Every structure is written in structure tokens, then in C-alpha cells.
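Q: One-letter residues, chain by chain:
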Amino acid sequence: MKFINKDTLRLDKIINELDRFVFGFIEILEKHTDYVIVSGYVVILLGRDRATDDVDIIIPKMDKIGLKLLYDDLIKNGYWCLNSSELDDLYGLLVSKHSIRFAVEPKVSPNVELKFSKDMYDDIALKKPIIIKINSKKLKTSFLELQIAYKEEVLKSNKDMEDARHLRVVAERYLNENLIKEYKKELRRR
Amino acid sequence: MKKTRFNPEEIRRLNNEDRMWFVKYWANYVKTHSDKVWSRQQNVLINSMFRNAQNSKLTRKEYLRIKGEDI
Numbered sequence: 001m002k003f004i005n006k007d008t009l010r011l012d013k014i015i016n017e018l019d020r021f022v023f024g025f026i027e028i029l030e031k032h033t034d035y036v037i038v039s040g041y042v043v044i045l046l047g048r049d050r051a052t053d054d055v056d057i058i059i060p061k062m063d064k065i066g067l068k069l070l071y072d073d074l075i076k077n078g079y080w081c082l083n084s085s086e087l088d089d090l091y092g093l094l095v096s097k098h099s100i101r102f103a104v105e106p107k108v109s110p111n112v113e114l115k116f117s118k119d120m121y122d123d124i125a126l127k128k129p130i131i132i133k134i135n136s137k138k139l140k141t142s143f144l145e146l147q148i149a150y151k152e153e154v155l156k157s158n159k160d161m162e163d164a165r166h167l168r169v170v171a172e173r174y175l176n177e178n179l180i181k182e183y184k185k186e187l188r189r190r
Numbered sequence: 001m002k003k004t005r006f007n008p009e010e011i012r013r014l015n016n017e018d019r020m021w022f023v024k025y026w027a028n029y030v031k032t033h034s035d036k037v038w039s040r041q042q043n044v045l046i047n048s049m050f051r052n053a054q055n056s057k058l059t060r061k062e063y064l065r066i067k068g069e070d071i
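Note that the protein sequences, when read in sequence, are chains U and P. For the first sequence, the numbering used here assigns the number 1 to the initial residue and increments by one for each residue that follows. For the second sequence, the numbering used here assigns the number 1 to the initial residue and increments by one for each residue that follows.
Excised from the complex, chain U in its bound form (with noise of 0.2 Å):
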């Protein structure tokens, strides 16, 4: 694991099959929106040795004639949605703050959990994204002090707290203090 600059971070590492499946979805997502990815997946792809079921990703907001765009892309290359295959459904849940999941059919796990961006923070996420190269991939992941912030003070559970520890081991060098205790302040203020 390589921090080219703040902003990059290089992997050599071994591409396991939940990469893989990462790999496949953004590779269709990118062609429609910006994404980035937080939370679970960017914490084992630095190396935490947990599993997890699914990958969460925020997307900006968009219409529902782009959104009905990506849904035919990722149904035509073999995924499907677990929450409705009604594109109004899907519209009304994520402008209404909630999730919807795509899987490969006729899977529903490991899934991708899609949100438009709901907030200030996820709108810094998505604006100042690490990019992540692995191999000949890019992925956009949510940037660490961020991660730490909002697991330490909002998610708080036993796992939330060993992922934020896991992140400040792993980047100890490269985090900015200062901004994640900024961001605790604002978080605790909401």
C-alpha cells in the first residue's frame, strides 16, 4: 500500500472476488454518474480482515431519465435490483434518503447499496474522492479522515470502531488530525 499523495493511493494487492464483483458494477456505473465508495468495502480493501454482504456507494442526485438509463445498462449486463423492478419505486426510495440494492441476478448477495448523496458530507465525499489504483482499476472511495470521523462519532458500534481503528493504523502517517476532529465537532453539532 503505496500513498502516492493524499489524494491517491496505490495497491498491489491480491484481487479477490468481492474486488472483482466492485470492479464489475462501477465499471457500468461510471458510464452513467460519479460515484464514490464508503464505508465497509474501502476498510477491506485496506486491508481489514472482515467480509461484508454488501458495498455502499453515493451517487449525486440525478433525474429519473438517468436513472432509468443506468438501471437498463446494469439489467442488460446481467444485475437486478432487490427492492422493485419499477424504475418509479427506485426513483421515489432514493429521493427519499433510502437505499436500493443491485445483486447479479438471481443472487442477492454480495450487493451493491446505491444512495444519492443526501448531505453536506456526502457532498465533500463525493468532491474530494481518494482514487484508489489497483493493478489497471481505479475506484473512487470516500476520503479516510471522513471514514474515521463518522465512524467515531455517529456509527460508534464495536465494528465501526475497529474499522476506524484499522484506518488510523494503516494510514497513521498520511491522516490529518486536525480535519477528523473538525469533523467529529460539525458531526456532534448535527
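Hints were generated in silico from the structure; no laboratory data involved. Bear in mind the structure is a predicted one, so any value in this text is a computation, not a measurement. Certain hints may be false.
Said to hold, decoys possible - Below are the DSS-like pairs computed for lysine-lysine, each with C-alpha atoms no more than 27 Å apart in a straight line:
{"no.": "1", "chain 1": "P", "residue 1": "K24", "chain 2": "U", "residue 2": "K159"}
{"no.": "2", "chain 1": "U", "residue 1": "K184", "chain 2": "U", "residue 2": "K118"}
{"no.": "3", "chain 1": "U", "residue 1": "K128", "chain 2": "U", "residue 2": "K107"}
{"no.": "4", "chain 1": "U", "residue 1": "K159", "chain 2": "U", "residue 2": "K115"}
{"no.": "5", "chain 1": "U", "residue 1": "K184", "chain 2": "P", "residue 2": "K31"}
{"no.": "6", "chain 1": "P", "residue 1": "K61", "chain 2": "U", "residue 2": "K115"}
{"no.": "7", "chain 1": "P", "residue 1": "K24", "chain 2": "U", "residue 2": "K181"}
{"no.": "8", "chain 1": "U", "residue 1": "K2", "chain 2": "U", "residue 2": "K137"}
{"no.": "9", "chain 1": "U", "residue 1": "K140", "chain 2": "P", "residue 2": "K24"}
{"no.": "10", "chain 1": "U", "residue 1": "K156", "chain 2": "U", "residue 2": "K184"}
{"no.": "11", "chain 1": "U", "residue 1": "K140", "chain 2": "P", "residue 2": "K61"}
{"no.": "12", "chain 1": "U", "residue 1": "K68", "chain 2": "P", "residue 2": "K36"}
{"no.": "13", "chain 1": "U", "residue 1": "K185", "chain 2": "U", "residue 2": "K68"}
Here the structure of chain U is known, so what remains is to put chain P in place on it, guided by the hints.
A: Frame of chain U; chain P shown alone:
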């Protein structure tokens, strides 16, 4: 005979401490070994969980109910 007192709170605390100790141990391992070395070990867990997840017989409705997202 002396009775052993079962204190669930204390057991939980010790368990959490153990888990956190291992998280730090593993994170340091990741930091001090090449990506190929740690990922080979991590992939044993992830690929096995991935296959289990793929073999799940849950319907999408059942899956969403478990996640608390059924509508």
C-alpha cells in the same frame, strides 16, 4: 466450593479488548508486509464469505426483510 461469578458486562469488555488488540495487530501486519502477502491471507476469508453469500437461498424479499428494508 467457591462459586465463580458470571459477569456478562466484564466478559463483553474483555472480548472487546481482545478484538481491538487483534485489529491493531493485523493493521500493523498490513502496514509492515507487502500487499501481496497480506491480501493472500485476507482473500481466504473474503472468498469463502463471498461463496457462502452467493449460495444463499434467501429470496430478495427475505433478504430485504432481514436488512429492515422491506416495503
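Q: Mind checking the alpha carbons of K24 (chain P) and K159 (chain U) for me, to see if they're no more than 27 Å apart?
A: holds, 13 Å
Q: Would you check the hint for K128 (chain U) and K107 (chain U), treating anything up to 27 Å between C-alpha atoms as holding?
A: violated, 33 Å
Q: Please verify whether K156 (chain U) and K184 (chain U) have alpha carbons no more than 27 Å apart.
A: holds, 12 Å
Q: K159 (chain U) and K115 (chain U): Cα distance at most 27 Å?
A: holds, 22 Å
Q: For the pair supplied as a hint, K140 (chain U) and K24 (chain P), confirm whether the alpha-carbon distance does not exceed 27 Å.
A: holds, 25 Å
Q: Are the Cα atoms of K184 (chain U) and K31 (chain P) separated by 27 Å or less?
A: Holds, at about 26 Å.
Q: Holds or violated: K24 (chain P) with K181 (chain U), Cα cutoff 27 Å?
A: holds, 21 Å
Q: Does the structure keep K184 (chain U) and K118 (chain U) at a Cα separation of 27 Å or less?
A: The hint holds at about 18 Å.
Q: Please work out if K140 (chain U) and K61 (chain P) have their alpha carbons no farther apart than 27 Å.
A: violated, 30 Å
Q: Verify the proposed pairing of K61 (chain P) with K115 (chain U), using a straight-line Cα cut of 27 Å.
A: It holds: about 19 Å lies between the C-alpha atoms, which stays within 27 Å.
Q: Quick one, are K185 (chain U) and K68 (chain U) close enough, alpha carbons at most 27 Å?
A: violated, 39 Å
Q: Please verify whether K68 (chain U) and K36 (chain P) have alpha carbons no more than 27 Å apart.
A: Given that 27 Å is the threshold and the Cα spacing comes to 40 Å, the pair is violated.
Checked against the numbered hints given earlier, the structure breaks hints 3, 11, 12, 13 and satisfies all the rest.
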